[in-house]
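Q: What follows is the residue order along each chain.
2 protein chains.
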Amino acid sequence: MKKIEDCTFGVVGLGLMGGAVALALRGKTRRILAYDIDVAVLETAKKDEVIDEGFIEPQEMLPMCDVVYLCLNPSTLLAFLDAWMPFFGAGSLLTDIAGVKTPIVAAMEEKLRPDLDFIPGHPMAGSEKGGFAQAKSCVFTGKNYILTPLKRNKAENIEFIKNVIYRMGFSRITETTAEDHDRKIAFTSQLCHVIAAALIDCEPDRNITRFGGGSFEDLTRIAMLNVPQWTELFLENKRELLRRIAQFEDSLDKLKTLVAEERKDDLQAYLQTARERRASMK
Amino acid sequence: MKKIEDCTFGVVGLGLMGGAVALALRGKTRRILAYDIDVAVLETAKKDEVIDEGFIEPQEMLPMCDVVYLCLNPSTLLAFLDAWMPFFGAGSLLTDIAGVKTPIVAAMEEKLRPDLDFIPGHPMAGSEKGGFAQAKSCVFTGKNYILTPLKRNKAENIEFIKNVIYRMGFSRITETTAEDHDRKIAFTSQLCHVIAAALIDCEPDRNITRFGGGSFEDLTRIAMLNVPQWTELFLENKRELLRRIAQFEDSLDKLKTLVAEERKDDLQAYLQTARERRASMK
Numbered sequence: 001m002k003k004i005e006d007c008t009f010g011v012v013g014l015g016l017m018g019g020a021v022a023l024a025l026r027g028k029t030r031r032i033l034a035y036d037i038d039v040a041v042l043e044t045a046k047k048d049e050v051i052d053e054g055f056i057e058p059q060e061m062l063p064m065c066d067v068v069y070l071c072l073n074p075s076t077l078l079a080f081l082d083a084w085m086p087f088f089g090a091g092s093l094l095t096d097i098a099g100v101k102t103p104i105v106a107a108m109e110e111k112l113r114p115d116l117d118f119i120p121g122h123p124m125a126g127s128e129k130g131g132f133a134q135a136k137s138c139v140f141t142g143k144n145y146i147l148t149p150l151k152r153n154k155a156e157n158i159e160f161i162k163n164v165i166y167r168m169g170f171s172r173i174t175e176t177t178a179e180d181h182d183r184k185i186a187f188t189s190q191l192c193h194v195i196a197a198a199l200i201d202c203e204p205d206r207n208i209t210r211f212g213g214g215s216f217e218d219l220t221r222i223a224m225l226n227v228p229q230w231t232e233l234f235l236e237n238k239r240e241l242l243r244r245i246a247q248f249e250d251s252l253d254k255l256k257t258l259v260a261e262e263r264k265d266d267l268q269a270y271l272q273t274a275r276e277r278r279a280s281m282k
Numbered sequence: 283m284k285k286i287e288d289c290t291f292g293v294v295g296l297g298l299m300g301g302a303v304a305l306a307l308r309g310k311t312r313r314i315l316a317y318d319i320d321v322a323v324l325e326t327a328k329k330d331e332v333i334d335e336g337f338i339e340p341q342e343m344l345p346m347c348d349v350v351y352l353c354l355n356p357s358t359l360l361a362f363l364d365a366w367m368p369f370f371g372a373g374s375l376l377t378d379i380a381g382v383k384t385p386i387v388a389a390m391e392e393k394l395r396p397d398l399d400f401i402p403g404h405p406m407a408g409s410e411k412g413g414f415a416q417a418k419s420c421v422f423t424g425k426n427y428i429l430t431p432l433k434r435n436k437a438e439n440i441e442f443i444k445n446v447i448y449r450m451g452f453s454r455i456t457e458t459t460a461e462d463h464d465r466k467i468a469f470t471s472q473l474c475h476v477i478a479a480a481l482i483d484c485e486p487d488r489n490i491t492r493f494g495g496g497s498f499e500d501l502t503r504i505a506m507l508n509v510p511q512w513t514e515l516f517l518e519n520k521r522e523l524l525r526r527i528a529q530f531e532d533s534l535d536k537l538k539t540l541v542a543e544e545r546k547d548d549l550q551a552y553l554q555t556a557r558e559r560r561a562s563m564k
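Heads up: the sequence lines are chains C and S, in that order. Just so you know, our numbering puts 261 at position 261 of the first sequence, and the rest follows in order with no gaps. To get our numbering, take the position in the second sequence, counting from 1, and add 282.
So here's chain C without its partners, still in its complex pose (with noise of 0.2 angstroms):
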């Protein structure tokens, strides 16, 4: 199995989550280059030494990486690999961040170069500033981690991404399929980020704050979501979300009943069943 101090990584696209990657990684590999399209972003990351190299031609650095991690939107990404496929260096590693797997694991069991290997993943971490100048704020430790590994992957290349997952102090990782992994992800982040806006949405007083004690402010920090990515994760997971909306709306439904008809008994029944089944969740 490779090792990690051995390799030369690449991040393709330096914003957020691929800065993020870069400072996790930083001191543990070989190397790191980086990809983008916005120079001063790379000239800023060698500078603060996040990487060793910039790109701004993908056919540049490709060729010199054992391990490429893809840091872009769904779309972009599909989009990157069906143009640079060719310039990935034999035998290299690929990962990706994407935030739906269905699409992805689908393109890339059919298209993937014979002697690539792609392992799809999902690292569960985040924050409501975008950008590779807060890539800071993105905290790795003690998060979650999801890959949904195509058939054709090596046992020792997963292997070696998660040895890479942990390094960078995620604690937790779960292997699962792309259909699972959208479903479950319809609920923790994107019916979050639903509900989230909707809140905001339904109250136009910029001082509502001053009555807040942790819970708005909370549930709502969310809605300072990146709108172009967040736009695109919603309508390509379109079937999942909806089905996530329709069950939170019969819930919510249930529970607007209860209160209606003053069914004391009842909703205090349903309050103590969502109170013992969050506490239960780790």
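These aren't lab readings, by the way, just hints derived from the structure by calculation. One thing to keep in mind: the hints can contain errors.
[Claimed, not checked] Not the full set, but computed from the structure, chain S residues with beta-carbon under 7 angstroms of chain C:
#: 1; residue: I319
#: 2; residue: A322
#: 3; residue: P368
#: 4; residue: F369
#: 5; residue: A407
#: 6; residue: S409
#: 7; residue: K466
#: 8; residue: C484
#: 9; residue: F498
#: 10; residue: I504
#: 11; residue: R521
#: 12; residue: S533
#: 13; residue: Q554
#: 14; residue: R559
#: 15; residue: S562
[As the list claims (entries may be wrong)] Below, simulated DMTMM-like cross-link-like pairs (lysine to aspartate or glutamate); rule was C-alpha separation at most 25 angstroms, straight line:
#: 16; chain 1: C; residue 1: K282; chain 2: S; residue 2: D500
#: 17; chain 1: S; residue 1: K538; chain 2: C; residue 2: D250
#: 18; chain 1: C; residue 1: K238; chain 2: S; residue 2: E485
#: 19; chain 1: S; residue 1: K564; chain 2: C; residue 2: E217
#: 20; chain 1: S; residue 1: K520; chain 2: C; residue 2: E217
[Unchecked claim] Restraint-style ranges between C-beta atoms, simulated for each label pair:
#: 21; chain 1: S; residue 1: E558; chain 2: C; residue 2: D48; range: 26 to 36 angstroms
#: 22; chain 1: C; residue 1: N163; chain 2: S; residue 2: R454; range: 42 to 52 angstroms
#: 23; chain 1: C; residue 1: T177; chain 2: S; residue 2: G413; range: 39 to 49 angstroms
For glycine and all other residues, C-beta sits at the position ideal for the given N, C-alpha and C.
Starting from the known structure of chain C, fit chain S onto it as the hints suggest.
A: Frame of chain C, contents of chain S only:
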């Protein structure tokens, strides 16, 4: 005007909030007395030097207090005031912490003993952990506090209570009517708790947190609520809460439609407005 350091404070109800009030006042007053039905809690609080003396009989404590902090649920509070009104010290100042204000204000405008002053308040702080033992986890520093004065309140008593509130660590005090409080709290607090409970209601899988990236955890932490307390708050403020749930459902429905119909530009505009509005909230 009274000086805080010369006053004997009485805390009625030494639970999470009563305990947190006593902790925040410790060392800043002449004495802190406390009434509770639980002798063990009073003994612990005295042993830990959070209070100077504990009482299980209100009529023994109340006459000694210059200021009484009533830390009870709304219905218990009104029953307590009905039962013990004659025993408050002449000219003493009362304040409460109840999460709905309209019924309290209505009752006090009518029933308060003429020589007393009662300033209804709501510290916007709490914890999903309950009881005196968890009082330390209820942080006041930097938090909001709402006051809904009675018509009869003396200006100097309002000033005094504001000083007490700032001394306890709160950073922002808003004065408003009980009706305005209940309308806004229905949104910032009760609706958020309803949403958290409904989110947990619609997902029985306790391992779903393996797919959490922080948003889900932040949105559902408050599902671990104090069940009897929140049942009472929801029902006491039923009309405003139902109105807020309906508003939220409308906003959610708008967003759902944009996703379902893949109206990308409108979806981006909706999210952009939410993002900017939330970012402008202080």
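Q: Hint by hint, note whether the structure agrees.
A: Each hint tested on the structure:
no., hint, result
1, I319, "violated (21 angstroms)"
2, A322, "violated (24 angstroms)"
3, P368, "violated (32 angstroms)"
4, F369, "violated (31 angstroms)"
5, A407, "holds (6 angstroms)"
6, S409, "violated (9 angstroms)"
7, K466, "holds (4 angstroms)"
8, C484, "holds (4 angstroms)"
9, F498, "holds (4 angstroms)"
10, I504, "holds (5 angstroms)"
11, R521, "violated (10 angstroms)"
12, S533, "holds (4 angstroms)"
13, Q554, "holds (5 angstroms)"
14, R559, "holds (5 angstroms)"
15, S562, "holds (5 angstroms)"
16, C/K282 with S/D500, "holds (13 angstroms)"
17, S/K538 with C/D250, "holds (14 angstroms)"
18, C/K238 with S/E485, "holds (19 angstroms)"
19, S/K564 with C/E217, "holds (10 angstroms)"
20, S/K520 with C/E217, "holds (22 angstroms)"
21, S/E558 with C/D48: 26 to 36 angstroms, "holds (30 angstroms)"
22, C/N163 with S/R454: 42 to 52 angstroms, "holds (48 angstroms)"
23, C/T177 with S/G413: 39 to 49 angstroms, "holds (43 angstroms)"
Hints 1, 2, 3, 4, 6 and 11, counting from the list given before, are not met by this structure.
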